[in-house]
Amino acid sequence: MPLSSDLCLLQLTGVADLIGSAICLRSLPSLLDDLFQVFNFPLSFPSGWIAVVWFEVIAKGAGEGSKSMSFVASGLGGLVEATSMALEWKLTACFAVNNGIFVAEMVGRDLAQSHHPLDPLTPQEIQKTTLIIQKSHYGSLHNLTFHFLDLDEPPKQDVLKWLISTKQNGPFPACRAQAVIRANDETRELIIDLIKNSILSDKTSFHKLPISRLDFEKRAQLIGNYIFAPEHGLVRRARNKKARSGHVFGPYFYRGEGTSNVWARPIEGLGLLIDLEAQQVVEFVDRLKARMPKAEGTDFRAGARPIHCQTNKSNVEVNGQQVRWGNWKFHVALDVRAGLVISTASVYDNVRRRFRSVLYRGHVSETFVPYMNPTPEWHYRTFMDVGEFGFGRSASNLVPLVDCPCNAVYVDEYVAGGDGRPQVIERAICVFESYGGNITNGEAEISLVVRMVATVGTYDYILDWEFKNSGSIKVGGKE
Numbered sequence: 008m009p010l011s012s013d014l015c016l017l018q019l020t021g022v023a024d025l026i027g028s029a030i031c032l033r034s035l036p037s038l039l040d041d042l043f044q045v046f047n048f049p050l051s052f053p054s055g056w057i058a059v060v061w062f063e064v065i066a067k068g069a070g071e072g073s074k075s076m077s078f079v080a081s082g083l084g085g086l087v088e089a090t091s092m093a094l095e096w097k098l099t100a101c102f103a104v105n106n107g108i109f110v111a112e113m114v115g116r117d118l119a120q121s122h123h124p125l126d127p128l129t130p131q132e133i134q135k136t137t138l139i140i141q142k143s144h145y146g147s148l149h150n151l152t153f154h155f156l157d158l159d160e161p162p163k164q165d166v167l168k169w170l171i172s173t174k175q176n177g178p179f180p181a182c183r184a185q186a187v188i189r190a191n192d193e194t195r196e197l198i199i200d201l202i203k204n205s206i207l208s209d210k211t212s213f214h215k216l217p218i219s220r221l222d223f224e225k226r227a228q229l230i231g232n233y234i235f236a237p238e239h240g241l242v243r244r245a246r247n248k249k250a251r252s253g254h255v256f257g258p259y260f261y262r263g264e265g266t267s268n269v270w271a272r273p274i275e276g277l278g279l280l281i282d283l284e285a286q287q288v289v290e291f292v293d294r295l296k297a298r299m300p301k302a303e304g305t306d307f308r309a310g311a312r313p314i315h316c317q318t319n320k321s322n323v324e325v326n327g328q329q330v331r332w333g334n335w336k337f338h339v340a341l342d343v344r345a346g347l348v349i350s351t352a353s354v355y356d357n358v359r360r361r362f363r364s365v366l367y368r369g370h371v372s373e374t375f376v377p378y379m380n381p382t383p384e385w386h387y388r389t390f391m392d393v394g395e396f397g398f399g400r401s402a403s404n405l406v407p408l409v410d411c412p413c414n415a416v417y418v419d420e421y422v423a424g425g426d427g428r429p430q431v432i433e434r435a436i437c438v439f440e441s442y443g444g445n446i447t448n449g450e451a452e453i454s455l456v457v458r459m460v461a462t463v464g465t466y467d468y469i470l471d472w473e474f475k476n477s478g479s480i481k482v483g484g485k486e
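Offset between the sequence shown (1-based) and our numbering: plus 7.
Please keep in mind that the hints were generated in silico from the structure rather than gathered at the bench. Everything hinted at is true.
Below, computed lysine-lysine pairings styled on DSSO-like, alpha-carbon distance capped at 30 angstroms:
| hint | residue 1 | residue 2 |
| --- | --- | --- |
| 1 | K481 | K336 |
| 2 | K142 | K203 |
| 3 | K336 | K475 |
| 4 | K475 | K163 |
| 5 | K485 | K336 |
| 6 | K142 | K210 |
| 7 | K210 | K163 |
| 8 | K485 | K301 |
| 9 | K163 | K481 |
| 10 | K336 | K163 |
| 11 | K168 | K481 |
| 12 | K203 | K163 |
| 13 | K168 | K336 |
| 14 | K475 | K485 |
Construct the complete structure from the given sequences, taking the supplied hints into account.
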């Protein structure tokens, strides 16, 4: 971000999960370094450029209300003490940088006081995980990319012990993150402790290159440069085989002219094989000229006019990731790989007068999509959409009155991008009441539906979890 030589006031809002125990171990330069990375400040300043004017922290402790305190740079001891005992806190820091004044706000929460041990990683926790990895020796390696970053779920027995504790104030399971990174032509699987700010586990369980969306543009440029070169043009039929090693990738070719639905106009008989490690085309095939499907009538249908309705207060109670409805209570989350995950679902048993566990954890395991075409351009197209692309990363932004009815309650979720930064998926999950029942006898029934939609290529996977008053759960999927 450019620094102005004129006096200016810039209000920034951001997050950095710096819990009290971590601050106690940090010096002022380390704390400022995290601030700069969160707000994309330059990581190094010439001597004399920066001076801390003041800190203000608003700490919310257990049963003590909120306290507001101000500190100068020499008063960091009080700042540490205030945040180390806080469950939630907001830090405001004012800097004088090159005759400019910058005000930055940082909010955090004690990881030991999280709402639920199965909650997905917050933006703060995603950012913190990325910083821990970048500060390790992996940060200095060539081409560090993040292919998977999510919560490392605690053991089932620890979660159940916490759930049955009085008012759920028992020992909280350790908060850890798991990440799959690619650096220096190696794929590493990491477990990160977000309390101790350390990497607990580092192993290589596989050596192949994971699927990365960051490389798609680079591959597209490589394909364009190759396919339109005079020696390998579309007008020339050629076959160029070379020795190949590592992970290979076969792109598909479509013609989008005259329609927005490019999938309806495939270019048959044309194929490329790319070595992803070397970023080189190793095989080119132009074996036939097939007739191109016409563009007429292939456009996507226009959306219908929205339905307007008015509803009273919802009967669904959504508190963070926890849902209560009727006799049901359960936890919802978005897993990067599996998509919608339902956990710790229980229903109130009127006979036993207590909640009875119905499901600990449920989600889609995998989808297998084989096209069963023996031609060279199609025989390898056997996709596993959950494992290869990830339903969570492919989650769509649900459109009110189109994907979910007007009485729906929406939940936003966060995932980590290829650069390790948090990305928000607005309205990733919707929860709504639905009319059902047995149409043969006319008995009406109201059930609760939890829905997400994952878009992978041309497929829209609609996943519905339906909770019934009888204490049963019905899982359905549409494509």
